[in-house]
Each structure stands twice: as C-alpha cells, then as structure tokens.
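Q: Based on these hints, arrange chain B on the given structure of chain A.
Chains A and B are the protein sequences, given in the same order.
In terms of the working numbering, the numbers along the first sequence are unbroken and rise by one, the last being 348.
In terms of the working numbering, the numbers along the second sequence are unbroken and rise by one, the last being 348.
Identical copies go unnamed one by one, so any copy, or any two together, can satisfy a pair.
Here are the simulated DSBU-like cross-link-like pairs (lysine-lysine), alpha carbons at most 35 angstroms apart as the crow flies:
#1 K347 - K117
#2 K228 - K273
#3 K55 - K71
#4 K117 - K140
Read the hints as simulated data drawn from the structure, not as lab findings.
Note that the coordinates shown come from a computational prediction; the quantities given were computed from them, not determined experimentally.
Number of protein chains: 2
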Amino acid sequence: MEYHIGVDIGGTKILIGLVDDNGNVTAAKRFEMNRTSQEAAVKTILESIDDFMSSIDILPNFIGVGIVGHIDYQKGIWISSMNIPIHSLVRLATMLEKKYGVRSRIDNDVHCATIAELFFGAGRRSRNFIYINIGTGISAGVVCDGNLIRGADNYAGEFGHMSVGMTGGACICGRTGCVESLASGKGIVEQASREPSLSGRGPGELTSRDILELARQGDPAATETVGIAVKALGSGIANLVNLLNPEEILLGGSVVKNEPDFVHSIWNYVELNALPISVTSLQYFGLSNLDVNTIGVLGASSLCKL
Amino acid sequence: MEYHIGVDIGGTKILIGLVDDNGNVTAAKRFEMNRTSQEAAVKTILESIDDFMSSIDILPNFIGVGIVGHIDYQKGIWISSMNIPIHSLVRLATMLEKKYGVRSRIDNDVHCATIAELFFGAGRRSRNFIYINIGTGISAGVVCDGNLIRGADNYAGEFGHMSVGMTGGACICGRTGCVESLASGKGIVEQASREPSLSGRGPGELTSRDILELARQGDPAATETVGIAVKALGSGIANLVNLLNPEEILLGGSVVKNEPDFVHSIWNYVELNALPISVTSLQYFGLSNLDVNTIGVLGASSLCKL
Chain A
43 MEYHIGVDIG GTKILIGLVD DNGNVTAAKR FEMNRTSQEA AVKTILESID DFMSSIDILP
103 NFIGVGIVGH IDYQKGIWIS SMNIPIHSLV RLATMLEKKY GVRSRIDNDV HCATIAELFF
163 GAGRRSRNFI YINIGTGISA GVVCDGNLIR GADNYAGEFG HMSVGMTGGA CICGRTGCVE
223 SLASGKGIVE QASREPSLSG RGPGELTSRD ILELARQGDP AATETVGIAV KALGSGIANL
283 VNLLNPEEIL LGGSVVKNEP DFVHSIWNYV ELNALPISVT SLQYFGLSNL DVNTIGVLGA
343 SSLCKL
Chain B
43 MEYHIGVDIG GTKILIGLVD DNGNVTAAKR FEMNRTSQEA AVKTILESID DFMSSIDILP
103 NFIGVGIVGH IDYQKGIWIS SMNIPIHSLV RLATMLEKKY GVRSRIDNDV HCATIAELFF
163 GAGRRSRNFI YINIGTGISA GVVCDGNLIR GADNYAGEFG HMSVGMTGGA CICGRTGCVE
223 SLASGKGIVE QASREPSLSG RGPGELTSRD ILELARQGDP AATETVGIAV KALGSGIANL
283 VNLLNPEEIL LGGSVVKNEP DFVHSIWNYV ELNALPISVT SLQYFGLSNL DVNTIGVLGA
343 SSLCKL
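Extracted from the complex, chain A is given alone in its bound form (with noise of 0.2 angstroms):
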C-alpha cells in the first residue's frame, strides 16, 4: 500500500491528512492559516506540514497541496489567491520536492476536490461531470471525457462568476447576477440582510444556514432570500447542462451539507428549464458522496494520479 500527503488549505485553516491508494484518509490534523503576509502564509504551511510528518510513522511518497487561487498546475506554482496576500511566485511544489524529497504537486481547491471525484466518486460511474463547491464563493470543477477542464492556465471553474443577470446582486468581480453574489453562503447572508424583516440580525448573526431554517419555518424574507439563491443556481446549473451536456452533477460545500430541500429545489428548476435532451442524459444530480470535510485532503493527495 502507498501512502500520500493531501494538503488543503483555505483563508482560515488548513487541514493535512494521509491517505492510502484506496482513498482512504488514516490520519489528519488541523492547523490555524496566518495569512498576514506571503511569507507568514508559506512559513506557516512549511511548519504544519513539518509538524504532521513529524506526527505519522509513514514515509510517504507524495505531498499533493489544494489552495484557493490561480495555481500554475505544470510548474507548481502559487501565483495569487483572492484573500491572502500573495504578491510573488511561490514555487511551493518545488520547496517540497526539495525538503522532503518525495514528488509533489499542487492545485487549486476545486480542482483537487473534482479529482477526488474522479478517482473516487462519480468518476467512477461517469466520464462526463460537474462537481460544484457552494460555500462562502462559489466554484466547479469540469470533467469531459474523463479529463479535468483546466483551461488555458488553470483557471478553469469560475463558475460562481456567471451572471445570470437578476435584478441585485452586486458581485466582488464588478457585474451584477452572478451565481456567487445571490447563492453563496456570503451571498445569501448579504441579501438577508437587505431584507427589512430580517434587517435586525445583520451578516455577521446570521449563517446562511440560518437562513434555510428560517425559510422552512416559513419566514416571508428568507423564503424570499431562498427563493432566489434557488433560482440563480437553478438557471447558472440549467446554463451549464445546456453547455456541456454532463451526465452527473454533484453538489458539495457548506451551504448545502445536510440541506437536501435546497438541493431538491434546485433540481426542480434545472429539470423545468434546462433542454430535455440534455436533462435526458443527466443521470444524477444531488450532494456528493464523498466526506466533504476530507474532500479537499483526497482530491489533493490524488493529484499523484494524473
């Protein structure tokens, strides 16, 4: 059996884990991010990693790494990422070859969550897919043929920045309607928090999480929030599958952990509106299977795969 190192780090946290040739994660560990600069960012991931070699008596022979941002795949660099501090290139995959001279390979987070989706969920059943990551942004990860969509330079998957062109909506990238500002957890809590009924508990008391329940106990203002993440969604995904025509679509990421109405009402907007040939071919669509915890640590530790 061989064991490898999948890496998954955020703004806030980052999460190591070892995990066998079966996908299965035997050990993992938690560390705080710092990302008060770049070299604070990249001292503290050297020194988790050191710490969790440190705490297994395996000798692995891969360290695969997911991070938010633009990551050059080929040469395993860590050119920028939105929300840490990066202003020059950080040849992360190399420093790692270098210290603990095994193979390494880094890629950004929804990648590393589609290849763990490859390996070892719908790809097992399904060449063409979508897995698509709803927590504070939005993102997916496109499978064709069996292959990873990575686009020119490994931007591929901003999904969250469709505008579906809805009235409200204002998105960090400067349009309007994009999926991300009106159906993300941000986005959801950010148009609660235009709502006036629900004006008195702003972004930071409410989770979007708070939100579903409110709707389900039948608050007019998070119904009407709901509503509209369910809507824009709806359309983004109904877009997607009139585009490339996927046989699965799976769902994963905070906002839609354990929210199975949520999920199925999206589904009954893709299925009224997307092409009925293409909702034909579309044989599954709901959560992911895989733990969406350790999504990132196994599609980072298969990175070794490809």
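A: Relative to the frame of chain A, chain B by itself:
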C-alpha cells in the same frame, strides 16, 4: 493527396464539397433541402450526394456529414432536429458506407465547424478555444486541451440557451433571457419588431443586417436593439471565459460576418466584465478566419481526422 466529401445540411439547403487533405475545397455544389417529411429529407440528401459524386472525377475515401440537430456521433445516427421532422432514427453513416463503400461519419453542424477550426484554424495555434456560431440560432463548440467537448450524448454546445436573464427575450426553449433569443439573427429581428419606431417593418421585412445598419446610422430603436444583443452576447461570452478559461474565441455565422463594429462592441463588454486573469489568457477574440460559406463542409470532411 487524399480527398474527402463534406456535406453540410441545414434546414433549407445542402452544400456538398470535395475537400483535399490540406483543407482546400476544390469543388462545391448547392442543393435545395426538402424537409416536408423524414423520408423526403433523407431521399433529398442521398440524391444530392449522388448528383455531386457523379459530377466529380475523383474517388473520395470518406464522406462526412454535418446536420443541425441531435446526432449520435459514435453510431452515426441522426436522432432528431428542431426544424426537420425526424421521427425515427436515421442510420445515415451506415447508409452512406454501404452505398459508396467508403468510411462515413456524421456530427452536428457546430461541432463540424469547430472541427474545421481545430484542424485548419484556431487549433493550429491553440489547444483551448471556443467557436461560436451566430446565425439564425446560436451555438458553440468548445475545445479543451485539443479535444472537442461532446458531453454525455454529443449534445454539448447549446450556448444559445444560456440565459443571461435580462428582461425580455422569451425563448423557444421556455426560458427568458437566453443569448439566442436576444442576439441571434432571429432574436435581433424579433426584439426589433417590438420597438414602436421600427414596428412598421416586421420580422419578414427587416434582417439583423438591416438593424445593425440602422443602428450605425443612429436610429435609436435599432441602437437599443443592438445594445441588448451586445450585452447578451457579451455577458454570455464573459460567462464562458470565466467558466472555461479559453485562449481564443472565434465568432462565425451570418450575423457577425462583415460586422467588425458589432464584434468589437462584444469584445469591449467581455474585456470589461470577465475575470481579469481569464481575460489575460485570451490571446484572440474575433471573427473566424475560415470561409463562413464552406466552414461546415470543411468541418464535415474533417470528421475523418478525429
């Protein structure tokens, strides 16, 4: 030198060409399509190919066919078309192979045009590009890492039915705000026919070319209509750029042919609205360099190269 036959079947005409290995269309002939019934359509196609074959003194070693509709590319079956009444499977590739004793393949029209780009246009420079046809309808062919994206059932590419959700534009697919309903030839004419000052000239009297010309002359209603088309196409293409991170975007079809100002306005919208990293990846945005009249024939004949 090898020669291939390319057959481009639309709702009203059939264009058949003889194409050499270098992509030169050395002979071509146009026939009227008969779409009164499935039987009449198939008979007309076969008779047209017969006619063309007897007019050339070269023995081709492949017949490729491009058809508007849903095609089973693997099995060579014409499944359905929007505007031709196909009610049972047409095993066209097998028919042609038996009749002429040469290899045959069939695919849909936009896939064929994209394959022409792949071998004789953008594909010579880039492994990640999108070809968008803007004619009576709108559709796209997506090439990622050198491969045409077909999807689960060869139905990928329905970019015309990407809703960008602006008001207006009730689409034949049942949604509103589809790119096709606002920016195709048919869509532009329909939008214009709602404008009071242009309403004296209805869908039968004005073409999209007339409306683009009226807008250039400063007609306010035409300017408004063209502005909506630019915004719809610009927003849809920005969505594609964000999702797929292409290196090139090629526009073809009757609506954009000889309309550099229209194309330039769309580019301005895309450049301003797509994510900066993805805009930086775009090395080319503009008209296809391939002959709009024969790109379908060239692509169909190139199906032998896949």
